[in-house]
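Q: We have chain A already, so just place chain B on it with the hints.
The listed protein sequences derive, respectively, from chains A and B.
Counted the way the numbering used here counts, the first sequence spans residues 1 to 255.
Counted the way the numbering used here counts, the second sequence spans residues 1 to 246.
The reader is advised that the hints may include incorrect statements.
[As the list claims (entries may be wrong)] So these bits of chain B aren't anywhere near chain A, every CB distance computed over 10 Å: (1) Arg56; (2) Gly82; (3) Phe164; (4) Gly234.
[Claimed, not checked] Example chain A residues on the side facing chain B (calculated, C-beta under 10 Å, incomplete): (5) Gln100; (6) Ala103; (7) Phe104; (8) Ala109; (9) Ala110; (10) Gly171; (11) Ile172; (12) Ala175; (13) Gly182; (14) Arg223; (15) Glu225; (16) Leu233; (17) Ala238; (18) Asp246; (19) Leu255.
It is worth saying that the hints were derived from the structure and are not from the lab.
All C-beta atoms in this analysis are idealised placements derived from N, C-alpha and C, irrespective of residue type, glycine included.
So you can see what is in the structure, the chains are spelled out below.
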Amino acid sequence: MSGRRALVTGGSLSIGRAIVLAFADAGADIAIQYAGTADEALKSEGAAQNLSKELAGRGVRHGLIEADFAIVGEGKRTVLEAERLLGGLDVLVLCASVQQREAFVDISAAERERQTRINFDASVELLQAAVPGMQKRGWGRILTIGSINQTRPEPTLAIYAALKSAQHNLGINLARQLAPYGVTVNNLSPGLVATARNSWRRVDAGQWQTIERNANPMGRAARPEEMAGAALLLCSDAGSFITGADLQATGGAHL
Amino acid sequence: MFEFAEKVLLVTGAASGIGRATAEYFFKCGASVFLADLNANVVAELAAKLDATGSRVASMKYDAGHATDAKAVVDACVSRFGKIDFLVPCAGIYDDNLIENISDEQWLRTISVNLNGVFYIVRQAIPVMSDGGAIVNMASQAAHLGGSIRHGHYGATKGAILAFTRTLAKELGPRIRANAVSPGSIETPMIARNIATRGEEIVSRTPLRRLGKPEEIASVVAFLCSDAASFVTGETILVNGGSYMG
Numbered sequence: 001m002s003g004r005r006a007l008v009t010g011g012s013l014s015i016g017r018a019i020v021l022a023f024a025d026a027g028a029d030i031a032i033q034y035a036g037t038a039d040e041a042l043k044s045e046g047a048a049q050n051l052s053k054e055l056a057g058r059g060v061r062h063g064l065i066e067a068d069f070a071i072v073g074e075g076k077r078t079v080l081e082a083e084r085l086l087g088g089l090d091v092l093v094l095c096a097s098v099q100q101r102e103a104f105v106d107i108s109a110a111e112r113e114r115q116t117r118i119n120f121d122a123s124v125e126l127l128q129a130a131v132p133g134m135q136k137r138g139w140g141r142i143l144t145i146g147s148i149n150q151t152r153p154e155p156t157l158a159i160y161a162a163l164k165s166a167q168h169n170l171g172i173n174l175a176r177q178l179a180p181y182g183v184t185v186n187n188l189s190p191g192l193v194a195t196a197r198n199s200w201r202r203v204d205a206g207q208w209q210t211i212e213r214n215a216n217p218m219g220r221a222a223r224p225e226e227m228a229g230a231a232l233l234l235c236s237d238a239g240s241f242i243t244g245a246d247l248q249a250t251g252g253a254h255l
Numbered sequence: 001m002f003e004f005a006e007k008v009l010l011v012t013g014a015a016s017g018i019g020r021a022t023a024e025y026f027f028k029c030g031a032s033v034f035l036a037d038l039n040a041n042v043v044a045e046l047a048a049k050l051d052a053t054g055s056r057v058a059s060m061k062y063d064a065g066h067a068t069d070a071k072a073v074v075d076a077c078v079s080r081f082g083k084i085d086f087l088v089p090c091a092g093i094y095d096d097n098l099i100e101n102i103s104d105e106q107w108l109r110t111i112s113v114n115l116n117g118v119f120y121i122v123r124q125a126i127p128v129m130s131d132g133g134a135i136v137n138m139a140s141q142a143a144h145l146g147g148s149i150r151h152g153h154y155g156a157t158k159g160a161i162l163a164f165t166r167t168l169a170k171e172l173g174p175r176i177r178a179n180a181v182s183p184g185s186i187e188t189p190m191i192a193r194n195i196a197t198r199g200e201e202i203v204s205r206t207p208l209r210r211l212g213k214p215e216e217i218a219s220v221v222a223f224l225c226s227d228a229a230s231f232v233t234g235e236t237i238l239v240n241g242g243s244y245m246g
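Looking at chain A on its own, in the form it has when it is part of the complex (with noise of 0.2 Å):
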């Protein structure tokens, strides 16, 4: 990927800081997006600045955004930002998102339309601000990081299911317009990861294990890092003939 520009949105950790780093192992310059108040949260204050100084030991050229995407705008100035540090944008990664779990019934309409608002909206707002770029110089690669939820759907997770869904559904709409100019599209929908996000689960080592076992038939979690190969042929030229896929990076539990 040596020359080329990506953006990685949710890059300052688990899923998205594995692809940033194999990115950059790969030779390509990054924009990293993340929220500051959402790292907080799960306990990674200071994750960006960290994988920021982690890349700078490489000498790798790159960015940091920061940028809630429950705002409506920082989608696109997101975009803006990162081909203005960049100096343009080749490869996007739509890796930030939200989930919430509960009950169908008790899902508030405030959480409904903040997590319409950050796995939905803010995709639309980012691809139709990079999109033209890419269109303009006849290269692209586009990946959206879907979930296991798209063809499993948890019941507690009904709305990010439903939300991932509809982000593939808009992929191979999109693969299909932009294929005639050299841009793909592609989705990659992991099934169990240890993440930051989950890193409630492993509190109890004895119910994870449950957990991995019954996961699907490898019987464990995949770590982040095994999520960054797949993106890595979808975004590089080993993958240059596909386009409107959906790799399923599941352990088998899409089975």
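A: Same frame as chain A, but now just chain B:
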């Protein structure tokens, strides 16, 4: 480019097209490669071309439709390289005929190579495959929604490969991962006559507006065999330029 030093690939249908590209790609990535194909002379030439010393490439005549050949090839690969890390059965045939005109012989021949052949070699390889190994089967766009006119037999075998691969993933996890690739229209000798007669139509129906190259399948096969795909099993990756989206 992936790193496959000290790894061993057994690939069937290695004389041409996707099988050949896969063999070449893995060899470049450092793997030892065992080439199996009905066309023994061509794979022998490929073996010599890739590695004149013969230290990392070997070849053998192989008829996919015979269980005895599957056993012979697996035994020979283990005897030559000591193990099998990756199995990629690419041997396949692709005849054109409307379903009402397909003869019993034509139907059975397609089933024999494209489906029985995969079963025979996978069954034979499972007990000797390394822990952490990977199987990548070749499905096809013809297996998915929309079918493929004049390829009812071919499409049926490839649909079966999808189901077979998913069961493999469930049965073999976590020791071995099993996945499939569903290529769209790739520039190979297998579909050369289609390209000659309907090339423009195929390209116009492909959002990326071109045919795929065999190397673009080989790189995805390599991904699925690599540690980069360590949590990917039971999956089918569509590599078709957008001509079918799941």
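Q: Give a verdict on every hint.
A: Taking the hints in turn, this is what the structure says about them:
no., hint, result
1, Arg56, "22 Å, holds"
2, Gly82, "26 Å, holds"
3, Phe164, "12 Å, holds"
4, Gly234, "4 Å, violated"
5, Gln100, "25 Å, violated"
6, Ala103, "29 Å, violated"
7, Phe104, "27 Å, violated"
8, Ala109, "33 Å, violated"
9, Ala110, "34 Å, violated"
10, Gly171, "9 Å, holds"
11, Ile172, "5 Å, holds"
12, Ala175, "5 Å, holds"
13, Gly182, "8 Å, holds"
14, Arg223, "8 Å, holds"
15, Glu225, "9 Å, holds"
16, Leu233, "5 Å, holds"
17, Ala238, "4 Å, holds"
18, Asp246, "6 Å, holds"
19, Leu255, "4 Å, holds"
Violated hints for the displayed structure, listed by number in ascending order: 4, 5, 6, 7, 8, 9.
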